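Peer 1: Chain by chain, the residues run as shown.
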Amino acid sequence: MNEKKLIQACLQEKKAAQRALYERFSGKMYFVCLRYARHDMEAQDMLQDGFVKVFDNISKFKFQGSFEGWVRRIMVNTALNYCRKRSFKDEVIGLEDYQDQVVSSKAVSNLSEQELLKLIQQLPDGYRMVFNLYVIEGYSHKEIGEQLGISESTSRSQLAKSRKWMQNEVTKLKMSKHV
Amino acid sequence: MSDQIQEFDRVFREKLSGQATPPPESVWDNIEKERTYGHVVANRISNYWQQFGTMLLLLIGGAAAMLFVGGGEQQIEHKSQAQVSQPAEKAMAEYSYFPNLKLRSTAKQTKIAQQHSQLSSNSNQKQPTYTDSKSKVASKVNLQALYEGDIPDGELIASLGQSAFARPQLKDDRLNAQINHREGWESAKPFGFVHYYQMDESPLRPFRNEIAQAEMKSAGDVKHEYFDDLFEHRTFRERSYLYFAFTPQTVQKIMTPEFNLSSDYLKDRSKAENTRLAYTFTAGLHYELKNHKFFETGINFTQIYEEMSLYGEKRFSNQYDFIEIPLLLGYKDRNAKWGWHIKGGLGVQVYNNYKGYILKKVADPNDPVQIAQPNVNQANSNAQFRMKKTDAVVNIITNDHALSDKQDRRGVLDLSRENENPYLESGVVNFHMAAGITYYHSIRTSFTMTPHYSRSINSITKDRALFKERISYMGISFGTLVKF
Chain H
1 MNEKKLIQAC
11 LQEKKAAQRA
21 LYERFSGKMY
31 FVCLRYARHD
41 MEAQDMLQDG
51 FVKVFDNISK
61 FKFQGSFEGW
71 VRRIMVNTAL
81 NYCRKRSFKD
91 EVIGLEDYQD
101 QVVSSKAVSN
111 LSEQELLKLI
121 QQLPDGYRMV
131 FNLYVIEGYS
141 HKEIGEQLGI
151 SESTSRSQLA
161 KSRKWMQNEV
171 TKLKMSKHV
Chain R
180 MSDQIQEFDR
190 VFREKLSGQA
200 TPPPESVWDN
210 IEKERTYGHV
220 VANRISNYWQ
230 QFGTMLLLLI
240 GGAAAMLFVG
250 GGEQQIEHKS
260 QAQVSQPAEK
270 AMAEYSYFPN
280 LKLRSTAKQT
290 KIAQQHSQLS
300 SNSNQKQPTY
310 TDSKSKVASK
320 VNLQALYEGD
330 IPDGELIASL
340 GQSAFARPQL
350 KDDRLNAQIN
360 HREGWESAKP
370 FGFVHYYQMD
380 ESPLRPFRNE
390 IAQAEMKSAG
400 DVKHEYFDDL
410 FEHRTFRERS
420 YLYFAFTPQT
430 VQKIMTPEFN
440 LSSDYLKDRS
450 KAENTRLAYT
460 FTAGLHYELK
470 NHKFFETGIN
480 FTQIYEEMSL
490 YGEKRFSNQY
500 DFIEIPLLLG
510 YKDRNAKWGW
520 HIKGGLGVQV
530 YNNYKGYILK
540 KVADPNDPVQ
550 IAQPNVNQAN
560 SNAQFRMKKT
570 DAVVNIITND
580 HALSDKQDRR
590 GVLDLSRENE
600 NPYLESGVVN
610 FHMAAGITYY
620 HSIRTSFTMT
630 PHYSRSINSI
640 TKDRALFKER
650 ISYMGISFGT
660 LVKF
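Protein chains in written order, with our numbering: chain H, 1 to 179; chain R, 180 to 663.
Since the hints were derived computationally from the structure, they do not count as laboratory data.
These figures come from a predicted structure and were not determined experimentally.
Don't take each hint at face value.
Unchecked claim - Partner residues aside, some chain H positions facing chain R, computed with beta carbon under 10 Å:
no., residue
1, 55
2, 108
3, 116
4, 172
Glycine included, every Cβ here is placed at the ideal spot set by N, Cα and C.
Take the sequences, apply the hints, and build the full model.
Peer 2: This is the structure we're talking about:
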């Protein structure tokens with residue numbers, strides 16, 4: 001069944017079509033949620049909430065642009081809503097203690113996807129959101145600022161700190177592998 | 180350094196975008212449960228409410244019709260008592276015409292009272308069922324049984340009542356805030372119902388978790404609700420409803436004389452004129468703005484029909500037709516199937532049409548109006564001139580506002596003649612205010628019942644008229660909102 005027919009069947013609340021749609025996108029969307037969540041359980045909650053919103057609002061998809069992009073946008077927004085409610089204010093991680101060191105991209109590419117995912121999940125919420133939105137989703141600082149209700153400069157500094165933190169962690173991982 | 184950073188970002192992007200990991204099967208099970216439960220309950224509620232809502236509307240409509248159509252005779256009776264103190268009209272009060280009316284009216288009231296008591300006794304018989312079901316809600320409800328589709332009717336009705344008539348205030352303020360936030364105009368199914376019901380003991384994690392992790396924010400802190408913006412940016416079509424309403428009304432004329440007009444003339448008019456029919460039919464657009472506000476405009480067609488009686492006889496009638504453009508702003512809120520609304524604003528009458536006659540001021544003492552006294556000995560006079568309820572409809576349809584044989588033409592103004600008509604043909608501004616309830620029948624249709632008050636701000640008379648006349652209207656508007 002092509003995508004358009006699948007969406008139309010979902011509009012008629014057909015269970016099989018909803019299941020097929022879920023099968024088609026759940027893997028990718030779960031990975032998106034994992035990037036924003038602190039752990040697997042939270043990612044599952046985000047995924048569940050996101051898909052309920054997708055099915056409830058599928059009539060609003062106007063067949064303009066990619067459907068996957070639309071679903072992904074809902075997932076990202078659902079994930080942001082989760083994260084936003086855990087405010088940045090409570091985060092104390094003392095990033096200033098980390099040394100300025102630049103890790104080569106080769107060191108990063110040697111790490112597996114799962115290892116990188118674990119690293120992202122360990123980032124504090126605010127840093128994780130900014131890092132995901134800027135580095136992986138490709139949003140600008142202005143767009144991130146608007147979405148998260150923070151200033152552009154805050155977004156920049158959060159990104160810089162998250163990079164610094166990631167680089168430290170990559171170095172640690174690299175060293176532990178050598179040991 | 181900058182290149183190294185970009186390279187660092189690129190590797191992350193390439194490694195992490197487009198990846199997929201299958202989620203556990205339990206996620207789909209939870210999605211299915213959450214959605215199926217909501218739909219099943221929504222459909223069953225819809226069936227119950229369709230029946231109940233239709234019955235309620237019929238009852239209210241019937242009661243209103245009795246009130247407004249049957250009102251004319253009692254006014255006449257009341258006026259006859261008021262006139263007793265005036266010597267010139269003592270004969271009229273003693274005239275045997277009015278006691279007849281009183282008898283008829285009393286008999287009618289008795290009949291209505293009987294019907295009412297029958298209805299009350301019927302509803303009393305059903306009362307125990309409702310009480311039982313209500314008490315069930317207080318006890319713990321087996322949610323698992325509900326999910327399996329085994330929904331006992333008692334529990335369903337009880338929870339239905341709970342959801343429709345009152346929003347449960349929970350202990351957790353953040354939870355209440357979240358409900359308020361989620362309660363949107365677009366909830367096609369009674370979204371609130373499902374979640375209120377699940378809230379305290381829900382096995383569904385996301386809702387609970389979301390709430391548990393929610394933090395209170397002051398309004399100023401929330402700069403951008405991204406998801407809500409995506410779905411609440413609705414098109415004109417999604418915000419608009421066709422609005423139709425019928426408003427039976429009582430009208431009151433507020434008449435004040437100019438400096439050189441005796442107030443006796445207006446007193447005579449107010450004594451003689453009986454409003455037999457007044458209603459407004461509305462067709463327009465109901466447009467939802469942000470934050471539960473709405474705007475209404477369209478066309479109001481108002482018709483007032485009056486009959487003039489002198490010495491207990493119908494002498495002539497008249498008819499006012501107004502076409503008005505209302506501009507109203509309102510606020511509405513809803514709780515599952517029921518909601519309330521309040522609205523107010525101005526309306527401009529763009530076209531007024533008048534037919535029939537009104538009493539004329541007698542300016543020249545040498546040209547007295549000859550008001551013929553009825554012949555008391557004439558046996559048929561009462562029957563011949565008695566006002567009938569059907570007169571209003573017949574006269575409007577046949578456009579017949581002819582004078583009675585006993586009415587002197589010199590004593591009246593013909594409203595269809597430009598040089599005699601003292602009323603404005605347009606430009607009257609009315610103030611409107613109304614508040615009422617809404618029953619959300621389905622996704623597309625809802626019904627409203629709205630007590631309505633309006634009043635003309637400026638006089639409906641021309642400048643050259645020797646008196647000012649404003650009209651106040653009071654009625655109950657029965658409306659339907661239909662989504663495009």
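Peer 1: Are the hints correct? Go through all of them and say.
Peer 2: Tested hints:
no. : hint : in the structure
1   : 55   : holds (6 Å)
2   : 108  : holds (5 Å)
3   : 116  : holds (6 Å)
4   : 172  : violated (16 Å)
In the structure shown, a violation is registered for the earlier hint numbered 4 alone.
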